[in-house]
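Given next are the chains, with one letter for each unit.
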Amino acid sequence: MTPHTATDVAAPPDRTEARVPLRLVAHARAGDKGNRLNLALVCRTPEAFPLIAAQVTAERVAALFAARRPGLVVRYDLPNLCAFNFVLDDVLDGGVNASLGLDGHGKSLSFLLLALEVRVPADLVRALAPPAAATAAPATPRP
Amino acid sequence: MAEGPDALVRIGSGAGFAGDRRDAAVPVVEMLRALDGPRYLIFETLAERTLALCQLARRQDPERGYSPALEGFLAPVLERCLASGIRIVGNFGAANPVAGARRIAAMARALGRAPRIAVVDGADLAGRLDPEGFAAREVGGRLLAGHPMPVSADAYLGARPIADALDAGADIVVTGRVADPALALGPLMHAFGWRDDDWDLLAAGTLAGHLLECGSQVSGGYFADPGIKDVPGLDEVGFPVAEIAADGSFVIGKPPGTGGRIDRFTVTEQILYEIHDPAAYLTPDVVLDVTGVRVAEVGVDRVRVSGARGRPRPETLKATVCVEAGHLAEAEISYAGPGAAGRARLAADVVLARLARRAPGLAVRVDAIGIASLFNDTAGAALAAAFPESRAEDVRLRFSAQSTDTAALGLLLDEVEALYCAGPAGGAGVRRHLTPRLASASCLVERDLVTPAMSLLGPEAAP
Numbered sequence: 593m594t595p596h597t598a599t600d601v602a603a604p605p606d607r608t609e610a611r612v613p614l615r616l617v618a619h620a621r622a623g624d625k626g627n628r629l630n631l632a633l634v635c636r637t638p639e640a641f642p643l644i645a646a647q648v649t650a651e652r653v654a655a656l657f658a659a660r661r662p663g664l665v666v667r668y669d670l671p672n673l674c675a676f677n678f679v680l681d682d683v684l685d686g687g688v689n690a691s692l693g694l695d696g697h698g699k700s701l702s703f704l705l706l707a708l709e710v711r712v713p714a715d716l717v718r719a720l721a722p723p724a725a726a727t728a729a730p731a732t733p734r735p
Numbered sequence: 002m003a004e005g006p007d008a009l010v011r012i013g014s015g016a017g018f019a020g021d022r023r024d025a026a027v028p029v030v031e032m033l034r035a036l037d038g039p040r041y042l043i044f045e046t047l048a049e050r051t052l053a054l055c056q057l058a059r060r061q062d063p064e065r066g067y068s069p070a071l072e073g074f075l076a077p078v079l080e081r082c083l084a085s086g087i088r089i090v091g092n093f094g095a096a097n098p099v100a101g102a103r104r105i106a107a108m109a110r111a112l113g114r115a116p117r118i119a120v121v122d123g124a125d126l127a128g129r130l131d132p133e134g135f136a137a138r139e140v141g142g143r144l145l146a147g148h149p150m151p152v153s154a155d156a157y158l159g160a161r162p163i164a165d166a167l168d169a170g171a172d173i174v175v176t177g178r179v180a181d182p183a184l185a186l187g188p189l190m191h192a193f194g195w196r197d198d199d200w201d202l203l204a205a206g207t208l209a210g211h212l213l214e215c216g217s218q219v220s221g222g223y224f225a226d227p228g229i230k231d232v233p234g235l236d237e238v239g240f241p242v243a244e245i246a247a248d249g250s251f252v253i254g255k256p257p258g259t260g261g262r263i264d265r266f267t268v269t270e271q272i273l274y275e276i277h278d279p280a281a282y283l284t285p286d287v288v289l290d291v292t293g294v295r296v297a298e299v300g301v302d303r304v305r306v307s308g309a310r311g312r313p314r315p316e317t318l319k320a321t322v323c324v325e326a327g328h329l330a331e332a333e334i335s336y337a338g339p340g341a342a343g344r345a346r347l348a349a350d351v352v353l354a355r356l357a358r359r360a361p362g363l364a365v366r367v368d369a370i371g372i373a374s375l376f377n378d379t380a381g382a383a384l385a386a387a388f389p390e391s392r393a394e395d396v397r398l399r400f401s402a403q404s405t406d407t408a409a410l411g412l413l414l415d416e417v418e419a420l421y422c423a424g425p426a427g428g429a430g431v432r433r434h435l436t437p438r439l440a441s442a443s444c445l446v447e448r449d450l451v452t453p454a455m456s457l458l459g460p461e462a463a464p
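Here the protein sequences line up with chains A and Y, keeping their order.
Quick note on this note's numbering: the first sequence kicks off at 593 and runs consecutively.
Quick note on this note's numbering: the second sequence kicks off at 2 and runs consecutively.
If we strip away everything but chain A, and leave its shape as in the complex, we get:
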């Protein structure tokens, strides 16, 4: 009987996709100037860059912020920095000195962006998932 080696038990490359929050593959930082918000979106790994470029479009981000009626949403791509910059006009309720809301700076809105769902290869999910989130990824069977 041939003993199993590590190579034998390693799974073949998993080409299936999982739907995960953007937070698993990227992180974000919000900044404000007046009534304009910018969201820097930084890839946690270079493999995330093309996924985000294809899926997190300016149109999709505008739809995510639709309740705030953005005037214009622009995405700038920064392959050198493995990052993107989203600029959203007129979404801060007039800005920090005019907003009636608690977050006139829009500082929390980076996490609204990070809640967006993206399709990611299951392999990448496993590589990036923290212990707690790993069980939530559909590609990993629950015990």
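There could be a bad hint or two in this list.
List time: in silico BS3-like cross-link candidates among lysine-lysine, alpha-carbon distance up to 30 angstroms [stated by the list, open to error]: (1) Y/Lys-230 <-> A/Lys-625; (2) A/Lys-625 <-> A/Lys-699; (3) A/Lys-625 <-> Y/Lys-319; (4) Y/Lys-319 <-> A/Lys-699.
Take a look, some chain Y residues computed to stay more than 10 angstroms from chain A by CB distance [claimed, not checked]: (5) Arg-22; (6) Gly-86; (7) Arg-129; (8) Gly-134; (9) Ala-169; (10) Gly-293; (11) His-328; (12) Gly-343; (13) Leu-347; (14) Leu-353; (15) Pro-389; (16) Glu-394; (17) Leu-435.
Stretches of chain A that chain Y covers, calculated by requiring three or more beta carbons in the stretch to come under 8 angstroms of a beta carbon on chain Y [said to hold, decoys possible]: (18) 609 to 623; (19) 629 to 637; (20) 667 to 674; (21) 683 to 689.
Just so you know, these hints were derived from the structure itself, not from any lab.
Beta carbons are placed, not taken as given, at the ideal position from N, Cα and C, and that holds for glycine.
Guided by the hints, dock chain Y onto chain A, whose structure is given.
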């Protein structure tokens, strides 16, 4: 001037905003003391609205109007900086840099020292334009039209007067409104002798300043997301120190023994902080292009940044203009336990129904903390969608309105408080606040309307 091609200039950040930790600069100064060569400590303490508040303070007392944070930031480090040749640059002069400089002179005198203190003034646009002139120059132009004279109007000055102050031998430079990155670019122009049209060098120095001006935001602050982005020692996060070379490239590090983290992720987030077009970040000194910037981890908590490009500075200067805008009323009440969301929703309906009769013109925003607040919108669409489904069992209801009609705002506060007895069951923890509001707008002004001025404080100045 920094000697030789290998000379490094070191700039540490002591504060990234007026509310920053008062003891953050102490480890930065300890690190700088152990090093040779030109060393600077910079403080950024002015939010958009701060200048208007300081202008109001100055009207009450001509010796006030500098940042109320000035003493708190300087007291822990002033003596050691002066003893070690660490020069200080801060915008804590706010609406009254000369008074701020006099206050620092008095603090130094109490320590038995007499430093050379320079004042950078000239940002204040009062008297340079009338209300119509400001309104005509407003970006997006909605707030200022028809408004009386602004409370404050200040242009963002560039780095040149700071460099001039250091050229003149200042140990401490006190400014009012300057572009935040200029706090670092000024020392670099002085130390390396960069000219006003060395665009790529000015861009590099501006990028260094941009990464330093928010303090710990580059070194682990505003970053931690447990399980995804962990930051060790956030309770003692180390503020950044940049080592800048004559070619403008630099390494961002932090004091040994402090918490926080510096890597390509923290630095990249901060490179893009408050940036719009990454190819054109407008400052008074240069137009910065970060699209070619490279970020490399060169050691533990050490990141090298290079590749900034610059283009000629804009023709106009940005100015922040503040006008009085009535008051902001905020009132809160909480509901907890089974049915909390339903009781909170009823409470909101009760308050809005009564205000519709008693203060019909008042626009009230309602948030429900625990259901929809930060991600809610002023029209309340997100909350309206979430309320019927919500099973939240700890809900804080928040009402807010802004008006010049303080009687109407008082009615809102009273109606929320009245929920204690006359509202749904179990309403608890009412808090109510009425605070003056200053609205701000951005203007673009011609450079010839602004006269930056640098002067050294005379030895007789300390009060």
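Hints, one by one, checked against the model:
no.	hint	in the structure
1	Y/Lys-230 <-> A/Lys-625	holds, 26 angstroms
2	A/Lys-625 <-> A/Lys-699	holds, 11 angstroms
3	A/Lys-625 <-> Y/Lys-319	holds, 12 angstroms
4	Y/Lys-319 <-> A/Lys-699	holds, 23 angstroms
5	Arg-22	holds, 18 angstroms
6	Gly-86	holds, 35 angstroms
7	Arg-129	holds, 21 angstroms
8	Gly-134	holds, 20 angstroms
9	Ala-169	holds, 33 angstroms
10	Gly-293	violated, 6 angstroms
11	His-328	holds, 12 angstroms
12	Gly-343	holds, 23 angstroms
13	Leu-347	holds, 22 angstroms
14	Leu-353	holds, 14 angstroms
15	Pro-389	holds, 17 angstroms
16	Glu-394	holds, 21 angstroms
17	Leu-435	holds, 14 angstroms
18	609 to 623	holds (count 6)
19	629 to 637	holds (count 4)
20	667 to 674	holds (count 5)
21	683 to 689	holds (count 5)
Consistency with the previously given hints fails for number 10 only.
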